[in-house]
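With chain X fixed as given, assemble chain F onto it according to the hints.
From first to last, the protein sequence lines stand for chains X and F.
Following our numbering from start to finish, the first sequence increments by one per residue and tops out at 155.
Following our numbering from start to finish, the second sequence increments by one per residue and tops out at 269.
One-sided excerpt, in silico: chain X residues whose CB lies under 8 angstroms from chain F:
#	residue
1	Met1
2	Glu6
3	Leu11
4	Pro142
5	Tyr144
6	Gln145
Bear in mind the hints are in silico, worked out from the structure with no lab data behind them.
From a predicted model like this one, the values you see are computed outputs, not experimental measurements.
Where is the CB? At the ideal position from N, CA and C, for every residue including glycine.
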Amino acid sequence: MIKNIEPTSELIEFDFVLSSDYWLNPAQVEISIDDTVYANTLLLERFNRISFKTKLDFSPHVLKIKRTGKTVKESRLVNGEWESQDARIHSLKIDGINLRNILWSRSTFTPVYDIGQSGDEIVNGECNFGYNGTWELKFHSPVYQFVVDCVRGAK
Amino acid sequence: MTKWKVPTDQFLNKVKVDWYSQQQQPKDLDYNKNVLNEWFQSSKLNNITGWESMGCVDFTMGCTHYIESFVIGQNGLDNFQVLTDDYAYYSFLGKWGTPAGNLKKGIPLIVTLPNFNWGDLRPDWQDVLAECESKEIPIHIDAAWLTLSKDIELDLSHPSIQSIGMGISKYALQWNRVGLRYSKQRKMDSVTIFNKFYIHNCNDNLYDCARFCIERIPRDYMWETYSDLNLDMCKKHNWQQTKLIHGVWDNNKIRCITKELGLILPHTK
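The shape of chain X in the complex, shown without the other chains:
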């Protein structure tokens, strides 16, 4: 029998939909995995689709979104309502799997507060980026095994 050689890496597609709201300047996001940048763009549309494929070794990884572009000038009061610049993860599919609850329970957002602002140092499960900061999701490859482990509560 010819031995089937188990793979040690996989080709995975990441498919983001990031929603955006602004009246002056759009938010900017930089998406990276293990510090390799795959996208760096302004969120010009209401819904912005960003997708890329990459080869992942079967090991732990960190997916990051660095959100920038928010200054105090981006917020204004109009007829008693605040208009501002927002950026949100609408959805994230990895290898065709919509991670939904996994994002809400396993990601973290580390805001960068302006002078005069304060809040939690790290916000768990925050996918709505009202502040500049860095969103992180630690995962591992193979991705199907990561999802299985999350659902089982094994990790």
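Just chain F, lined up with the frame of chain X:
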């Protein structure tokens, strides 16, 4: 269109009777999988190469399970394609075939090989391979009929071929239907869940039975046993052989000859 009938004989029937009448000892999952894996690879009448490139080997409950798992894994009927003259099952899903040459770039293709319309690989198979390579189309092969075939050549290491499903059911084992999926990369789908999610082993009984049967049935049993009869029948009726033991060309039409080969038992009529 001919009506295909899976061949059987007294020997294959006896394997079934033995399974039900003898006391069985369970084997572990890996043992059963290794036996099946070795069996599928052991054909001397077909030339399937590139097994080592298919690193992920998973149990299935047959090729229909392989197909359904593939469909689930694509997240919708619009996210895969099939060729014309393929398995009717896809049209039952509301999925119609695309002619070779018009395949959509990057959209996975599932294809039946060997194909029952020709009793062989598709005549356009080499063109399909080239098209898929140039358009970056992953290919997934439903090889349900491979067990009844000879002289089939497939190189699984071809960069476009991502997975292949094989089953034992065509050896009159429709009552068991176990198979293996060979793939280069697992996706989250039904087969992956059955093999990797459940903490307790799934379907031990089914896999034990499959292992029991194929330990008794040589991989090329049908062609090794009925090759002469097939040839004699073809000469007698002026039929042309195909690569399927129970299929011939009769006046340019494919025809199932299971009945003419006498490979229908009273209880399988």
